[in-house]
Amino acid sequence: MIEIENLSKSFTLHNQGGAVIPVMTGATLRVAPGECVALTGQSGAGKSTLMRMIYGNYLAAGGSLRVGGLDVTRATPREIIALRRETLGYVSQFLRVVPRVPTRAVVAEPLLALGRPAEEAFARAETLLRELNIPERLWGLSPTTFSGGEQQRVNIARGFAHDYPALLLDEPTASLDAVNREVVLRLIEGAKARGAAIIGIFHDEAARARVADREIDVTEFTPRKAA
Amino acid sequence: MEGALSILSKEKQQDGPLLRVEGLSKFYGGRIGCADVSFDLWPGEVLGIVGESGSGKSTLLSCLAGHLSPDRGEVIYAGRDTVTMPEPERRMLGRTDWAFVHQNPRDGLRMGVSAGGNVGERLMAVGARNYGAIRETASDWLGRVEISPGRIDDRPRQFSGGMQQRLQIARNLVTGPKLVFMDEPTGGLDVSVQARLLDLLRGLVRDMGLAVIIVTHDLAVARLLAHRLMVMKDGRVIEAGLTDQVLDDPQAAYTQLLVSSVLQV
Chain R
3 MIEIENLSKS
13 FTLHNQGGAV
23 IPVMTGATLR
33 VAPGECVALT
43 GQSGAGKSTL
53 MRMIYGNYLA
63 AGGSLRVGGL
73 DVTRATPREI
83 IALRRETLGY
93 VSQFLRVVPR
103 VPTRAVVAEP
113 LLALGRPAEE
123 AFARAETLLR
133 ELNIPERLWG
143 LSPTTFSGGE
153 QQRVNIARGF
163 AHDYPALLLD
173 EPTASLDAVN
183 REVVLRLIEG
193 AKARGAAIIG
203 IFHDEAARAR
213 VADREIDVTE
223 FTPRKAA
Chain C
859 MEGALSILSK
869 EKQQDGPLLR
879 VEGLSKFYGG
889 RIGCADVSFD
899 LWPGEVLGIV
909 GESGSGKSTL
919 LSCLAGHLSP
929 DRGEVIYAGR
939 DTVTMPEPER
949 RMLGRTDWAF
959 VHQNPRDGLR
969 MGVSAGGNVG
979 ERLMAVGARN
989 YGAIRETASD
999 WLGRVEISPG
1009 RIDDRPRQFS
1019 GGMQQRLQIA
1029 RNLVTGPKLV
1039 FMDEPTGGLD
1049 VSVQARLLDL
1059 LRGLVRDMGL
1069 AVIIVTHDLA
1079 VARLLAHRLM
1089 VMKDGRVIEA
1099 GLTDQVLDDP
1109 QAAYTQLLVS
1119 SVLQV
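From first to last, the protein sequence lines stand for chains R and C. Residues in the first sequence are numbered consecutively from 3, following our numbering. Residues in the second sequence are numbered consecutively from 859, following our numbering.
Do not rely on the hints blindly, as some may be mistaken.
With beta-carbon atoms standing in for the labels, derived distance ranges [to be verified]:
hint, chain 1, residue 1, chain 2, residue 2, range
1, C, HIS1075, R, PRO104, 24 to 32 angstroms
2, C, LEU1115, R, GLY150, 30 to 38 angstroms
3, C, SER1018, R, VAL22, 33 to 41 angstroms
4, R, GLY192, C, PRO946, 58 to 66 angstroms
5, C, ASP1012, R, LEU15, 29 to 37 angstroms
Think of the hints as simulated: they come from the structure by calculation, not from any bench. Backbone N, C-alpha and C define an ideal beta-carbon position, used for all residues, glycine too.
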C-alpha cells in the first residue's frame, strides 16, 4: 500500500546564505495492507519529516514514494488532494481548524468532503466523540478552546471518521489518560483488522509494542556528515 | 436553479478543467502588471493567489474576471476563450456562471437598495420575474449567509461590515455560479468575523462544488480556504503547489521570506 524507495530530502535556506541541509537519504520501506510500521529514532532523526513527505506536505528531493499506486513525488496537487480525501489519513500532533466550527462538524468534515449524506457523517462523528469520551455538551463548541488532551482526541476522531486504506499517526497516544489511550489503541487495531496500512510514531513504548508489527529506525536514513 | 441559467453547455464542463489559463500577461506601458501566468482550475477547487501589495495579484484577478483586458494569453472557460468573446457574452457570463466578491462590500452591493433587493436584482438580471418567488429565494439566501430574514427590507448601510460582506456573497451566489472570484474577501474585518466568513465560504464551496480564485495577502486565510496556492512577485508566479506544501516547505527564496515573516500560519 505504501512503497518508498531511495527517498531523499534536503532543505535549501535561500535567506541564510543558500545553505543546503540534507536531512534524509536512501529511505526505503514498504507497508502492506493490515500492517503497522513504527518509525523510531531520536528526536530530529527525521521521523516527522518522512511522514510529512508521505503526506505530500514536504517535497522529496529524489527517489519514489507510492501510496495506493500514486507516486506522491510526481503527483499534481489535484491528485494529492484526492489521495488525502479518499486514501490517506493523517493524525498530526496539532489540530488546525477554522475557529468557530463546532467539534461535531470538524469530525464529520472528512466524510462530508467525500459526499456522504450529512446524517451519516454526523452520526459517525458522534459515535467517535462518544467513544473518545468527549462530553456531549462540548460537541457544539469549537475545539480551539479545548484542553490539549481533548484537542488530541478530536483530532483522532477526525482521523478515524473515514476508513482510510492508509493512515499516518504522529504520536496518537501522547497526552492521553489510560482510558482514552486504550480507546485509541483499539481504534488502531480496528483499522489494521479492516486492512489499513499504518505508519506511526509512538514515543509510548508499550503502545508501540502492542500495535506495531515492525520498527524502522530512521537514523539509517540520516545522511552521514561529510568528513 | 444552477445549471438552468448556465449559458454554456454542461457536457463541455464534464471532462477537463473548468478554467484553463495560458500565458496571460498584462502590461501598463513598459511596466509588468502580470506576465506569463498559466494554470488550470477544476470544479470544487479553491486556488489562492498570494503575494505582497503590488505583486500583480489583483491585476491578474481582474484579467481573469474580464474587468481588464490582457495583452496576451488565453482564459478558456468551459472550452471558450473569454478574452476574445464578444462583450455581451462575457457580461452574461459575469451574471450567470461567474461571480465576483469585492474586498469592499460597497463595490459589490447597491447601498441604497434593500438587502432583499440586492439579492433579487441578480436573479432579475437573469430573467426571474415572479416577485413572490424572488423574495422567497432572497430570504432563503439571507438565511444561508446567516442574516436574519427579518432584515430583508433593511439597507446594507444599516449592516455591520461582516454582514455586508455576507450579503455580497449571497448576492453573488444566488444565481448558482460555477466560478467565483474573490479579492481579499476577509480584508478589513475583525478576526472573529473573518473566522465566521471563512467557515461560511468553506461550506458553500463544498456544498455547491464551486471553483474559487481568491486573492489574499493573509497566509492564514489562504491556508484555511485554498487547496492550491500561487505565489506572485513582480507580476510573475514564482511558486505554485499544494497549499500546505508551499507554506510548510517553500522552495523559492521569496516564498521562504514571505512565510518566515509571518508570526504563525
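Consistency of the hints with the structure:
{"no.": "1", "hint": "C/HIS1075 to R/PRO104: 24 to 32 angstroms", "verdict": "29 angstroms, holds"}
{"no.": "2", "hint": "C/LEU1115 to R/GLY150: 30 to 38 angstroms", "verdict": "32 angstroms, holds"}
{"no.": "3", "hint": "C/SER1018 to R/VAL22: 33 to 41 angstroms", "verdict": "50 angstroms, violated"}
{"no.": "4", "hint": "R/GLY192 to C/PRO946: 58 to 66 angstroms", "verdict": "60 angstroms, holds"}
{"no.": "5", "hint": "C/ASP1012 to R/LEU15: 29 to 37 angstroms", "verdict": "54 angstroms, violated"}
The earlier numbered hints that this structure contradicts are 3 and 5.
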